[in-house]
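J.: As given, the protein sequences belong to chains A and B, one line each in that order.
Here the first sequence stands for residues 1352 to 1633, numbered as in the working numbering.
Here the second sequence stands for residues 79 to 365, numbered as in the working numbering.
Check before you lean on any hint, since a few could be wrong.
[Claimed, not checked] Computed cross-link-like contacts, DSSO-like style, restricted to lysine-lysine with a CA-CA straight-line distance of at most 27 Å: (1) Lys-226(B) x Lys-1551(A); (2) Lys-1532(A) x Lys-169(B); (3) Lys-359(B) x Lys-108(B); (4) Lys-226(B) x Lys-1469(A); (5) Lys-130(B) x Lys-1611(A); (6) Lys-1551(A) x Lys-359(B); (7) Lys-1551(A) x Lys-130(B); (8) Lys-1562(A) x Lys-359(B).
Since the hints were made in silico from the structure, they are not lab data.
Model, not experiment: these values are computed from the prediction.
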Amino acid sequence: MSDLTLAVASGKGGTGKSSFASSFGVTKEGVLLVDADVEEPNLALLLNLKPLESSLVSLQIPVIKEELCTRCGKCTDACRFGALNMFGNNIPMVNDLCHGCGLCSLVCPTKAISETEKPIGEIRHYLSRNIELLEGRLMLGMPNPVPIVEAVVDAAMAIEKPKVIDCAPGTSCPMVAGVRKADAVLLVTEPTPFGLADLKLALEAIIPLKKPIGVVVNKSGIASENVEELCRDFNVPVLGHFPFSRHIAASYAEGIPPAKSDPLWQQKISDIWNYFEERVAK
Amino acid sequence: MRPKEIVVTSGKGGTGKTTLTSALAASLGKVALCDADVDAPDLYILLNPSIKTDYAFWGMDTAQVDPSKCIGCNRCIESCRFNSISMINGKAVVDTHFCEGCATCAYVCPTNAISMVPTRQGTYYESTTDFGPMWHAQLFPGGENSGKLVQILREKAKETASKEGIPYIITDGPPGVACPAISSITGCNFTITVTEPSMSALSDLKRLAQVARRFSVPMGVVINKADLSPNISAKIKEECFKDNIPIIGEIPFSEDIPRAISERKIPLKEMKAEIDNIVKKVFELLG
Chain A
1352 MSDLTLAVAS GKGGTGKSSF ASSFGVTKEG VLLVDADVEE PNLALLLNLK
1402 PLESSLVSLQ IPVIKEELCT RCGKCTDACR FGALNMFGNN IPMVNDLCHG
1452 CGLCSLVCPT KAISETEKPI GEIRHYLSRN IELLEGRLML GMPNPVPIVE
1502 AVVDAAMAIE KPKVIDCAPG TSCPMVAGVR KADAVLLVTE PTPFGLADLK
1552 LALEAIIPLK KPIGVVVNKS GIASENVEEL CRDFNVPVLG HFPFSRHIAA
1602 SYAEGIPPAK SDPLWQQKIS DIWNYFEERV AK
Chain B
79 MRPKEIVVTS GKGGTGKTTL TSALAASLGK VALCDADVDA PDLYILLNPS
129 IKTDYAFWGM DTAQVDPSKC IGCNRCIESC RFNSISMING KAVVDTHFCE
179 GCATCAYVCP TNAISMVPTR QGTYYESTTD FGPMWHAQLF PGGENSGKLV
229 QILREKAKET ASKEGIPYII TDGPPGVACP AISSITGCNF TITVTEPSMS
279 ALSDLKRLAQ VARRFSVPMG VVINKADLSP NISAKIKEEC FKDNIPIIGE
329 IPFSEDIPRA ISERKIPLKE MKAEIDNIVK KVFELLG
């Protein structure tokens, strides 16, 4: 059987994705953690890991050769992102809106456009204290996290190990890009009205991907929304309740994953992993 | 007079943006509201808006393949840098979630099988609440998380506030530091960043502070659940002091706040003194 890749996602932010991802990291030996919350990557900080090495993730952006450019305007017309502007008789200028699609260099009739790499983020590799982590990190001020999410997930998929992908919050493409290549998805919610509303959106986004999904209710006890009922409607199992505890919250705030501060957490985390392994094997 | 826009942000999700936004609205009494967290909008849960009008939100045009013209040559797949096209039974199929709308595939297609078509990405709403008008939206699940939609909502809220003579707009921002977060703060008058005493929230706050500085947005920090870790709260204050970011409030953890939210009530009376203090500081900093 090949190794399980489990994505941890949520919809609402702050429900405890990283608590769960880091808990898998300290419970399942040999698991590769993947931090795909590239806008705000925190697993390395939580687990107090130091980077071994890093590599840049870049976009291919246009470079225009002045002597070949005829100022015909075909590239500025073709660009759908408004990333190329021509002022007066100057050659077009490239701005931060460039998505790196490469269309301008294809449409240029005089082959005046070549490409250069523009770094928009990095992938960091961490390995210490028996924990291995690949982290995607968006450079500040860059608008689009998706290429970094894809790069870190692709780098992880090339490594033959069981994997846990800590995804971005929300329900749109950065989250979906983190989940897309996983075998199964664990959704972390909390029993508040916000948690429930966003869980519904997350389920609507993920169910079309046709992967095994399970839900855990974190901080149970702080409120009492009916997560079970929603999950029944979507035919998705609730795999566990994790009561709110000041002790766990305080330890976690100082960087100790819940599975390390609470043996019950560790047991449940292990059970959830086994559950997904069995479901994916079927 | 032009309305002043205050955007509630956080970096890290789940620190309490929506709760604070609702309490500020209730405390100010008459405001224009904007829910710029179009990905997971929750402000409606506490503000119970009555929808006046809904509008279709059209994102970027996306690629559409006419299967009768597609000859399965793979050129579109080779040219797409966003991995949004796959070949299924000899025909190109576009995953619109990942199509960025660049039109490179349409350009390279030798049989003109690909056209760029307007794509509806969600709905946005003009509503009324007990505290004033509200603009909010819902993107389709898994869709393109759109800075463009955030901009529309903010502009509409500004128009409405100007027209109705409302002096303040309170905007509930998205988490993160990329496109939606940038779109929600650029050009606003002030951002209140809600954090909590954890190492992750502090790290996220620092990243957001750099982005806010890059776009010249003045920032003040509220430490929510501040007593959960006095050590880290002290560290947050120290870091903010170093970076010249004012701490404009601290809210202690109280089980009464989630309880009120569970009852769909704005937890204003549970943190009245703290909210009054935050409002006073924001007014001072706004000048």
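J.: All hints are to be evaluated individually against the structure, with a verdict given for each.
T.: Checked hints:
| no. | hint | in the structure |
| --- | --- | --- |
| 1 | Lys-226(B) x Lys-1551(A) | holds, 24 Å |
| 2 | Lys-1532(A) x Lys-169(B) | holds, 22 Å |
| 3 | Lys-359(B) x Lys-108(B) | holds, 18 Å |
| 4 | Lys-226(B) x Lys-1469(A) | holds, 23 Å |
| 5 | Lys-130(B) x Lys-1611(A) | violated, 51 Å |
| 6 | Lys-1551(A) x Lys-359(B) | violated, 37 Å |
| 7 | Lys-1551(A) x Lys-130(B) | holds, 24 Å |
| 8 | Lys-1562(A) x Lys-359(B) | violated, 49 Å |
Figure legend: structure checked against the earlier numbered hints; hints not met, in rising order: 5, 6 and 8.
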